[in-house]
Amino acid sequence: MPSQPSALALRLLLPFALFVGCNGNMLEQQSTVSKLRVLAMRAEPPDLAPGETVTLDALVVDPRHDRCTEFGAAGSGSPADCLSPEVVGPPTLHWELCLFDQGATNLYRCGTIPDLPPDVTRRDLGTGATASIAYNAIVPAPSFIEQACGQLASADLPDFVEIPSCRRGLPVTIRLTAIAAGADLAGRTTDQFCLDQPADCEIAKKSLTLLLPEKVGERNHNPHIEGLFNGATELESEVAIVPACGDDSVPNEEDYDHHDPRVVPLVAVVTVGEGSGSSAELFNPEPSQADASPAPKREFLDIAWHSTFGGLRGATYWGEGLTTDDEITLNQLEFKQHMKDYDLSELPAGPVRIFAVLRDGRGGVDFREAELSIPFITGSGNEVAADQQCFDVQGVAK
Amino acid sequence: MQLTCRLRLTAQLALAALAVPSFAAKASAEEPAPAGEELIEPELLSSVEAAFPPAAFAAGLQADVILQIDISETGAVTNPVPVEAAYFGYDDKGNLVEETAEITADKHGFIASALAAVTQYKFKPAILKDAKRPEGVAIPVQVTWKVGFVISEQEIQRQLTEKEAQRDQAVASDPTAPVNFQGQLLVRGVRDPLFGVKIKLRQTTPDSGLALEVTTDAEGRFAVPGLKSGTWEIKVDEPGFRLYTTTEKVEAAQLTEATLYIERTREGLVTRTTGEPPPKEVTRRILTVREIQRIPGNNNDAIKVVQNLPGVARSAFNGGQVIIRGSAPEDTAFFVDGMQLLAIYHFGGLRSVFPSELLSSVNLYPGAFSSQYGRVTGGVIDVRTKSERLERLRGHADVNFIDSSFYLEGPIGKDVDFQVGARRSYIDFLLEPLSKTLGLNFTTAPRYYDWQGKVRWYASPNHTASLFIYGSNDLLDFVREDQRDIPPDLRGGIKISTAFQGAIARLDSKLAPDLTNQFQFQYQPQQQGFSLGEGLYFNLNVNFFSFRDTVEWKASDTFTLRGGTDPKYFTGDIKLKLPRPPKEGETPVGLGNSEVLEVTESFNPAIYNLYTEAEWKPAPRLLLIPGLRYEYYDRVQRGAPDLRLAARFNLTDELVLKAAYGRHHISPTPDETSSSLGNPNLNLEQADHYVLGAEYAFTPYLSFTAEAFYKDLDNLVTRSNGPLIYDNAAEGRIYGGEFFLRHQLANNFFGWVAYTISQSERKDRPGEDWRLFDFDQTHILNLIASYDLPSNWSVGARYRYVTGSPETPIVAGVFDSDSNNYVGVTGANNSTRNKPFQQLDVRVDKKWVYDTWTLNTYLDLQNATNYENEEGVNYQYDFEGSLPVTGIPIFPSFGLRGEF
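As given, the protein sequences belong to chains A and B, one line each in that order. For the first sequence, the working numbering begins at 162 and goes up steadily by one. For the second sequence, the working numbering begins at -1 and goes up steadily by one.
In isolation and in its complexed conformation, chain B is listed as follows (with noise of 0.2 Å):
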């Protein structure tokens, strides 16, 4: 026979009518175990929350629900029986109403939800012991058991307050009449709508004390039908922005309009531009605009600003020149929208031709890269347009230092939007007058201009097509007004140009729900053009063709196969009477001895690839994405495999291992492989990429990465043993460690600490010692950091700290009398380094914003400290005594910026 014990015990729960209700029980026993036996509660094991009733939440009820239930020997809950009810809630004034409730009658709901509940409890047995079982036995219980439903007293608050405000709203205005009151609601200076705000409108005129209340809807509108006549008070209190206050006088028979315009206090964290895919290269940083316009001495530039990345070495004099990963510059490639340019600087370096405006982000790529991307062995630079639809025209105007521009974006009609820059230097204007004391005759003091165009149609919901066209022109030419002591084959002026221009065309289609392709084709002629005197010239006329088509299937939520090609021809010719250039390793040894090369070739070299990628989620947190391609080049007439493996692995939400592998191949350059001044018959030079890593988010916008890379490069180009030509007998090593602390824009503040270790080596020769590469820098740090102050200001500064270049020294210098010159007799190559590098530079920026428009103002300051750098070595005429070659001195930057 059971023995059955009744108890009385009481639970209460109480559940706070919150979006996270908490739970907390109490039970106590009333009832006296009988005398020799002992008797040990159940306890609650677990529970889930009761439902509150919507409607009673809503109306501000809440309620207590007794319940009678048993807990059987296994701790399950049956039979819950409700004993009582009692409900209470506030009036409009606040005052406490109660009313005890017929438990039969559950007309608010709460009965039933305390039984659905309770019935889900679990609970540990009681727990009877007596002489007989000391150890104890489960037995089943029947207990009281009460369930509170509790709101809290800041939402009893609100509701009490939007009670009033409906009560008061109800008097202002009249649903049912005509709107006469409307406006929108726009960011201070930029204008950008905001959404789900609520203005308050109290009558002040008369004092009627009536109030209301109203909320913007996408587009930032707001309307009031049947306002009240009289004076207004608008206020809007959102967080992040300035309190805004304004008056506005209604008539009730007359539609009155503001706009009203709130200013931002403060940056919210910055979020990827919208149709940026997640993460999936094993090393990709990527840089928003918003941050590029604030990073000290880059002049807003927004591509040479990755050389403050992990991974990317500094350029010599500030240039343009992107080192990753201890590869030179020419081995690496810069894209637009995945299309390759040919140039993106103005005069090799100065500046890149498209203005951070256009742009969304810059991604940089630096080893061990997707397939998509090939004819590489260094890294990948592509820079991304726009791609969120433009509906509203915007713009902004430049005045710095150097140059001046424009640009403009905003929709035409439903389907199409547009963006339009240009931009032009004044230099020449500057420097002209300046000619006589220069001693100068400036045909074209140096000038650059550029510009762009972009028009996008959304022709469907499948189908978007764009045209995006760019050009860039340089031009400097001078003359030397005493010409007597230059020798007469440099006789004639100095003359620089480079023009290009370039169209993509692009089609976006989804074909299917899971399939989609991108076409792109591109056109871009280039003149690039070098003389010195009428002796010594270089010129080039490049029509480079090439086209994209990828094609993607989502086949799955865990795998997606993409393929495609990006096939390149190029026409042209070059003619060029110049010094043989120096290779890797080597140094100029003086002009007047140098071979001179007198080259007029035509080509018309073309590359055709396959590629494919997958990207396979085996795992929930791991992602693996293998790929191929396979290149061919007409010129040299060779073609190499690549194969490229990836994969991601979400250890935890906080961290991700990573790991990659890549190989990569690239042709020798023109002149290498000129039939005129090198080997036609070269090899394609390799380099595999070995990536380990690791990404640790602290926060949503604090995360920290560090990689160990290592590149193996084999069939470098190298002189071989004859006097003049080249072959592919030279290998490399480059490896090391790259660590990056980056607070992404966020609370006011930007910043990061980006340190790389390397070491890149090569050997020209078998048997031959390994030496350093020319673009070899043991330690590269960078800092930086910029903080927005009150009243719109705004500071940053950048340290960076970077190991000496390497050096081949010039040990003597021998005296050839046909010409009247020294030519260098050069050392070990690359045997000695330049002392340190070391910058400071400081920025600050002020903006006053008005309610269309906003003014920016920024002094940056590069080389605050004036410290001299060296880049270089300048040689005495015969060698024997040098002077270091010291870089940019402490130069200021002023700039001037209007947006709308």
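If we strip away everything but chain A, and leave its shape as in the complex, we get (with noise of 0.2 Å):
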């Protein structure tokens, strides 16, 4: 025993005490997207059995390239951070599969085995807005994932490091790196630009499990999200929200500091499964130390929520056996109802994207987009001073 239990116990509990008692008011919310960024990675299916092919794809979202072709189009210029007019488009996206990877200390890289030739270890999925791979190109004997488990468990690590379960099948792992157009890496490698240019390169990854045959009757389906709605109205491509004034929440002058928020609410419609019936799974837990026959579970699900300006009440909801009655598949977009002077350099150009990713907690992924029209942030600049007073978003027609 060491000297302090106590002392060692904190040392155990520090990472939640810098993340669950930090709060930091002060930084952006990961629900606002402000630059380059991977909101979510899907693979279809998001298990992949013997003979089918896995298609990935990726919702990936650079607003400064919105702002830049509403300026460019309203001939009033861009913004500082916007790219350049010459170079906009969409990221380039450089997808790889790892059999293994190396841990976020080193950006998700393959790892290597020594015995396994690198074209096994590691596969170059191509640039394109998706990738897709063939079960039978990764796995090239039915015995490859014993044998490749087997050498997890005996290669450099000791005997009693836990290795990945492999009761299902072979996890692996997907990278997708996400270039921002236009980019000039400058003899740089990838992950070197990335570390130097954070926003305007991201990392990611996902993991993909590659099923047993005898597995195939345990894979996992992805959840589906049927639309977003406000109300009755599906949002489905430019809605326009009309500003409306006159508004008494706002009791005094004092309050005009202060965020005094206008919503939009918002609605995901989720279902999982073909003709489920039910939006979450049953599925068999990973058994454990604690519990070595785990009795079947259903999924939780959770909805992460992300927009291009406001603020959202709630940026992840996370709930079992979803339905389209739960709260959890209920949000709000939020915006000040006054604004100042220097709240207009805030404003997007273009207009309001909001984005819902659905998760299973089990690799299944849907995500879905909706753009929020809102007249006096379209407008010109000019516009926009011109109605700041007040505006009111609660008003929604198609």
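Treat each hint with caution, since some may be false.
Straight-line C-alpha distance at most 30 Å; calculated DSBU-like pairs for lysine-lysine [as the list claims (entries may be wrong)]:
1) K458(A) <-> K573(B)
2) K233(B) <-> K845(B)
3) K458(A) <-> K845(B)
In silico contact screen, one side only, chain A against chain B (beta carbon under 7 Å); selected entries [to be verified]:
4) V199
5) V281
6) I364
7) A365
8) I386
9) G388
10) A465
Quick caveat, the hints were computed from the structure, so don't treat them as lab data. By construction, the Cβ of each residue, glycine as well, lies at the ideal position given by its N, Cα and C atoms.
With the hints as a guide, bring the two chains together.
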């Protein structure tokens, strides 16, 4: 025992002190998208069974791109952080498959095992908006998964190190590097570029399970977002939000300095599995030291919301056994009612974009995007100034 | 033929009849030398005091004794013969009375005393020079010498006053009559008896002028038999106390009793607690409880106050971590009366579990300490409970911002005494009304309580037994109302609980005049729990058994040998499901993606040891303390010998030089040696301590200490090249200097300047560069001052300046799409620092003193300048932006305390 077991306990609990206790109100929230971001990676299907091919895509957003196009169209010039109009375009995506990765500290680079050839431990999946890979291309022989798991268990790792579970199959890593349009690498590797210019580059990863043939019955399915709604109105393309003045909810002028939100109610309608009738699947959890034979469990789904402007009431909601009536599918996009001059520079030139990402906690993902067009925001700078005294976004019209 | 020359010299010796008599001599030639000859008078080289006959001194009698003495050619005095004696003194009214007595009747002893003294005189002989012997020749001479016995004017006055008082006293009281006036003299507020203090009584009604004086005994008591009836003015005028006067009406045939309370006006020099051994450790810092209670910014916490001493680094957020000479907090151990404790703080550092009043002193051993202490490579803090016999009932009740407490101590019969105390916080009472505003549902808002009890039985002059029991309980349990945006595994709220109890039985035995034995047995169960929702938890249950037996043999005044053992045995279990804890130099990089460990493990490790130590004084000013300890840890199945050697050399009474070496070992932490979490084959970590220093005492209460230290650390646990395991490949080095100028509590003031400069570095693997340890703080400056003002006010201030703590920066974030979290990419370990820390704390105390109790109130203002200190870094979700986490803002604390 150490001299002070309580000192050891403090060390164990330190991460919570820093991540639970600290509240960085002054820092940007994860739900606010202001630069190049990978919001989600999706594999369809989420588990790869023998004989199948998986299609990979990602929700990658760069709102600075929106501003360039809008301002460019309006002919009013570009904001300082706008990408050059000449190079505007979608971000470049670089897909890789790793048999296993080297962890976050090493930017999720593919790891190597001396006994395995490099093309097995790392595979380049191209640079398109989507990528695909066939099971048979990764798993050359039926015994490959057992061999790979065995090698992972024995290679360089000590006996008492827990290796990833291979009960259902072999979890591999999909690595994605997104680089902003027009970015100049200047001879640097993409990894180095990402470290140097994080606003123009993002590295992300997702795991994908290569199912054992006998475990195909336990395969997962992606959940599904049927649509995003405002009341009964589905937010499909650009939806105009009509501002309205004269709301009596502002008691006095002192409150003008505070955020006095007006909200756009949002609803995500979700389903899981084709024709399942339930929003969360039953699955067999991994055995643990405490529970060697766990009972089947229903998925916990979470919805992560993001927006390019305004604040969301909550960033991520979790819930078990989701249905469309569950409160967790509701959110509110909030704006300040009263704007100050200095707020004008924060206004986006284009429509407000909102994103909802649904995860089932087992690798299943779906995402949906909608654009809200608020007239005073989409207008030119002068028009914004004229309307800054108040605006109300409670009205929604198609 | 020897030339004999008779000279007549007059010598005068004035002997002041004081505690330290002075001496003066004067000689002159009365007979001129024959023409052509030159006589050089003998010169007194050394003398001894003539003893003043005690009876004559007491009677105020003085004398001049004229002697005729021969001084030989060697300068020796021979044949002293009394010639004349004159006595004089003063009568009761102060008139001079003279008497010339026969020299044959030495009735007062002056002549014998004068003769005895002059025979021990040593002279430079008389020298005769003439034409034949221009260089001169020593010759014997005969001189007349006067020895005077003189009493100083002050003493004469004192004797006259005393005579007058005795005369009055004889009239004012009747020694043969029964006692009719008695009482006790106590210190106001604390009721300490005052010994040897004179109490003056003067009859005011009737205004007879009668007066008398009585002196208090060891219990502060006094008694007057047969005091005349009337009203008497009672007066106590004692240095260090406010002048006290009162009146009492006394009847001749009736017993009148009075308790007199006199108020202290200034603090004297605080002496060390009774029974404290003289310093033998090369570095030992002792704080008295009286000082501890006055240091600003510590809330009277006896144990946290060691953080203000040299060599002790600052703990973040004013927490309870004790970081000694760059070592991690878990490398330092806490002991109470030599018995190790598993925990000593509420909520890991909010407040220590022992009230200051229970303790007599807090001892800090920052390095190369005695072989009686093992299993630590950092330092040792040994708090000592009161060892003096408790002969009066005392106690206190304390109410402050965060908790309330009480404490009682006193005797039970003749052979038993006790101490008992308890404390409870009321943060929960304050927070619960706010729970709605905070959006929290408190099952239990944060609260703690602790209790202590000790009973000692003085079974015989050679045996003392005691039982000390204590306990502590902390609990925090709350749930946030809106759980929707909390990940499922973390739902259900946060619960933190820690409880421990302990019992220490002790027997001190004197087996022989030079042989003592001290035996202690301790049982300490501890339960520690943490849960974050249902998904993450940490539960530890430990039963901790230990005993210590030390035999000491004082072979001679210069050699003492002691030896003993303090084995320990743990049994318990641990269940946890938590992210892997960060190790030295690492920084948390995100919760969602950390590897989550899930462990259920039982353990029952034992630690066996033997130690021996000698105190040897090969020379009067040199003390050597060699020591040897062997420790075996059965959990890792390894043992190691520890060698210790300390030396103190008193170069002068004021200057002490000191040096020490110590080898120390410690077992890796349980998570590091766990078969589930780490590597069960790890070796013991090792530290070699070297210390060189000096102490200089300017006055009994003003001292300066300077020390240089070096610690060589080997076999440190570090992550191995594999992704998850540990090995012993790291090494470390810590070096620096400490400077301590200290004014102990005296003349209404105490304070110190403590400055430490140090560098603590670590090399994680061979071939890598040295880097800073987590707890490296280059400059640590503590200035503390407290001063007692008139009217029982006191003010104090503490200023601290500390180099910012090292940080491992997070240079980028990568996105884990599965968990929707970013994970930090760390830069070089501890390659940046927080901004330097500085803080000013001030404290004002006011005391109201009543006869039998005192009421104290204080205002303690932490961070009085509201300086924003960086305690860490709070990163944005993707680690791209960050803000400093700032420390405690300006924080006032107010308390009330009644003592009796």
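To see whether the hints hold, each was checked on the structure:
no.	hint	result
1	K458(A) <-> K573(B)	23 Å, holds
2	K233(B) <-> K845(B)	24 Å, holds
3	K458(A) <-> K845(B)	66 Å, violated
4	V199	5 Å, holds
5	V281	20 Å, violated
6	I364	5 Å, holds
7	A365	4 Å, holds
8	I386	15 Å, violated
9	G388	21 Å, violated
10	A465	5 Å, holds
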